[in-house]
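Chain A is fixed; fit chain B onto it per the hints.
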Amino acid sequence: MALVTGAPLRGALIPLRKRSGRGWTLGIYIARRLFWLVPVMLFVVLITFFLAHIAPGSPWDKEGRQLSLASVHNLNVKYGLDQPIWTQFGLYLWNVLHFDFGTSYQHPGQSVNQLIGATWPATFTLGAVSFVVIVVVGVSLGVVAALRQNSFVDYTAVALATVGASVPNFVVGIVLIILLSNFLYKITNATFFLPTGGYPQDLLHMIMPVATLSFLPIAYLARLTRSSTLDSLRQDFVRTAWAKGLRERLVVTRHVLKNSLIPVVTVAGPLFAGLITGSVIVEQVFQVPGIGRSYVQAIEARDYPMILGTTMLYAGLVALLNLVVDVAYVFIDPRVKLD
Amino acid sequence: MQSEIRFRAIALASAGLFVVAACGGSSGNGVTLASAQELRIRLTTEPATFDPGQAQWDYEGAVTRQTFESLLSPTKDFKDVTPAAAESYSVDSTGLIWTFKLRPGAKWSDGVAVKAADFVYGFQRVLDPRLAAPYASFFYTIKNGATVNGMDPKDPGVDAALQTLGLKAVDDNTFQVTLEAPAGYFKWEASLVLGGPVRKDIVQKFGKDSSGNDKWAAVAATAPQSVVGNGPFKISEVVPKDHVTLVPNPNYVGTRSNPTLTKITEYYIDDETVAYAKYKSGELDQVPVPLADTEAARNSPELLKIPQLAVFWVNMNTKKAPFDNPKVRLAITQAIDRNSYVTNIQKGRDLAASTLIPKGMRNYRPDLGTQQSFNPATAKATLASSGVSASSMNGVKYMYRSSSPGSKTAAEFIQAQLKTNLGIDVVLDGTDSKTESARYKAGNFQFGDISGWGADYPDSQDWFDIFLTGSGNNFSFWTNKAYDDAVTAADAAVDPAKRDAAYETAAKILVAEAPVMFLYQSTAWILVKPYLKGAIATPNDDQWLGDYFANTIQIAQH
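Protein sequences, first through last, are from chains A and B.
Those letters in the first sequence? Residues 1 to 339, per this note's numbering, in order.
Those letters in the second sequence? Residues 1001 to 1558, per this note's numbering, in order.
The following block holds chain A by itself, in its conformation from the complex (with noise of 0.2 angstroms):
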C-alpha cells in the first residue's frame, strides 16, 4: 500500500516544479517555430506567386468565341494585372498581411476567403471522418497482428500493408468504383455506391470516398503500429507485467499500447495534413465539392489568388500540424525534450 500511495506523491511533487521550467521552454520553442513560419510562407508564396504567372496562357485565354482586345485590358486593369510583375507581388503580399486574398478571377464577387470557406467544410469532415477511421481501423489491425504474429490476421495486416502502400488513391478509388458500382450497387440499389457526388448533401455518400482516403494510411499506419508493439512487447517492463500475472487485455492497454502508439502520434499530424491535401484526386473522382477540387479547377483556369490562397492553406496547414505534433510528444514521451 505505502509503494502505491508513495508512487503518485512523489511523481506529482517533482513535476511541480519542473513544470514551470518545462512551459517556459515550451512557450519559447513554439514562438520560435512560430517565427520561422514567416519565410517559410513567404518562400511558398513567392514560388508559387511566379510559377502561376510563368504557366502558359492567361486567365482570359478561353475556348470558342475570343475576348476582344478592349475586354483582356479592362479585365488586366481590373484586376492589377497590368502593373509590373513586381509591383503586384508587393500589391499580394501588402493584401494577405491584412488577410485580404483577393478574388477569384472565375467568380466575379466572390472573395477568395469566401470561395475556400464554402469548399473547406466538404473536405475538412471528409478528411476528419478518414482520420478517425485509419487510427481505429489501422492501430487495432497492426496491434492485433503483432499479437498474434504470424497468424492469418497478421498475414492479411501485412498484405494489406503491402498492397495499400504500392497502390496510389485513385487506383483505389476507381477499382472500389468498379466493384462496389458493379455488384453492390445492383444488389442494394444504394446510390451511394456510385461516384455521383451527393455528398455532403447526403452523409452516406462518404462511405465511398473515405474508403478510398484512408486505404493506404491505414495500412501505413497497422504496420507502423504493429511494429512498435513488437518491440514494445519485448520490453522489460512488459515482461515484468506478464510475470505480474496481469491478464492480457491489461497488459496489453496499459503498458504496451501506452509505449507503442508514441510514433503513431508522430505521424498524426502529418497524416491529418496529408488527408487533406492528398484529397484533391479523391475529390474529382467522387465528385466532392471540397477544396482540392476546385484547386484543381484554378490551376485549370490560370485563377492566380485561388491558386495562391489555396497553396498558402496546405503550407500553413502542414507547418501548424507538424509543430502541434512536436509539442503534443513532450506531452507523450518524456524522453523528449525541446531545444
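Simulated from the structure, these hints should not be mistaken for laboratory data.
There's no promise every hint is true.
Straight-line alpha carbon distances no greater than 27 angstroms define the calculated BS3-like cross-link-like pairs of lysine-lysine that follow [claimed, not checked]:
# : chain 1 : residue 1 : chain 2 : residue 2
1 : B       : Lys1441   : B       : Lys1079
2 : A       : Lys78     : B       : Lys1208
3 : A       : Lys78     : B       : Lys1441
Relative to the frame of chain A, chain B by itself:
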C-alpha cells in the same frame, strides 16, 4: 472527361429547326399533371456569375435566360425575333435608330416597375470598361460603343463618356438605341441575355468587392436577394458547388407567362457519365448522351436528336509553311473523309460539313463546299499543282489537346487520313488547353486543333465575321481583301437578297482558300423522360432542352 469540345463561348440565341419534345401537350389536352411540377436538369459547370452582363458560357445562360428578359427573344421556329420585354419595336428609315416600346405593367421580381432607364443602365454597364464585361464587343454596334469600351478604365472621363453612348430613355416606357452604322442583325443582339435590364439601386445596394466587382449577382448565398430580375423565374436557393434552384417570379409579365413548373433545379455535374447515371437512376429529367453510350441510347424511345447550329473545323496556320500555300491547304481538305469521321469517330451522330454555315440557317449552301469534298485523286492532283511535294511535308506538326479525348481522336484520325490519302507523315503535337490558347494567339503552330463555332444568334454575320482580317477568332491568321469586302458589305446591307449574294461570294472564297478544313456539324443527343411534356427544343438551347420556352414544360403523372 467531356468528349465533345466545349465550343460555344456564349450561348445566347439562335436559329434553325425546332422540335417538339416527347408528345407535347398542355394540361388542357389530356396530360394528367404530376403533383410535383419540378424539373431537374444538369449544368456542366457551376455558373461563375448570375450577372447577365458578365455571363460568358451556356451554363450561365441556362440561369440568366430564366431570371432576365431582354427586349426581344427568338421565335419558336428560330427564324426571327419577337418582342419580349419590349411590346413592339421600330427602326427608322436610316436603319440607325431603334425604338423599343416596353411592355406596360412589367415588373421586377421585387414588384418595382421596369423602366427604360433600367435598360439604359444595363447596356451602359456592359460597355463600361470598369466592369470589363467579357463580351462587351457585341454592343460595339451601338454608337460610340467600341470607343467607350476601349477607354482606359482608370480614365476619370468614363462616366461622362457613358452618356455619349447611343442609348436613351425617351420616357419611362420608351428605350431608344442609336447604332454606329446600320446593322440589321442588331435585332438579334437585342435578344441576347447580355442586353437584360439591370437595377442600378440593387447593384449599388450590394456594393463592390476589393477588385471593384459588383457583388450583387455573385454566385453566393445572397443571390436570392441580390438577383432581382425581370424574367419568368427567380433564384430561390444557391448551394455552392451543388445546385441552384429557380421558382416562378410572381411579378413577371411577358410572353413567357404562366409556367406550369413550380421549380427548376439545376445541378452542377461536370462528368457526363455521372449525369447519365443520375438520369438512369431517376435523379435527372433529361441528359445528353455521352459518346460512349451512343449504342445503348440509339434505339431508346426517350432519345431526341437535335441538330445544333455548331460547326467544327481544323485550323491551318496560313502564316506558316507549308500552309501558307492555298493549294496545300485545299489538298488537305480534299484528303479527309468526313463521312468516315462522322460514322466511325462520332458514331453516326453528326453531319459531315464542308462549308461554314450549318444546316438550319439561312445561307446554308452545301453546294458551295464541293471544292473541299473528299476525293483522294483530286487531293493528290491539287497537292501536285501546289509545287509542294508530299515527302517534303513529312514531319508536319498537328497540334491537339492531350487532355481532351475528342481532340486526340480527331488528331489520330487526321494523321491516318493524310498518311493513307497523301502519303504524308504527320507528327502529333499534344498540349494542354491553356497552352494551346496561348499558341493560337502567338501563331506558334502549323495546323490543328479542331475548333468550331456555335451560333450566338442565327444570323450569318455572327459566322462570317469570324474570318475577317484581325478577328480574334480567326486562328488561321488568314487575310483576304475580297472576303473582307464581301462580308462587310453583307453585314451592313438591309436587303436580304443583297446580303445573300454577298455572303455567297464570301463563302466561295472561304472554301477555295481553305484557311480551315470544315469537318462536321454537331447534333445533340438528349434523353428525355417520357413524363416531361411540352418542351420546345431549339438548336441553341443553353445546356437543357426547352430552356427558351420553359413556360411550356409540364411534368405528367408518372
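Quick rundown of the hints versus the structure:
{"no.": "1", "hint": "B/Lys1441 - B/Lys1079", "verdict": "violated (34 angstroms)"}
{"no.": "2", "hint": "A/Lys78 - B/Lys1208", "verdict": "holds (12 angstroms)"}
{"no.": "3", "hint": "A/Lys78 - B/Lys1441", "verdict": "holds (22 angstroms)"}
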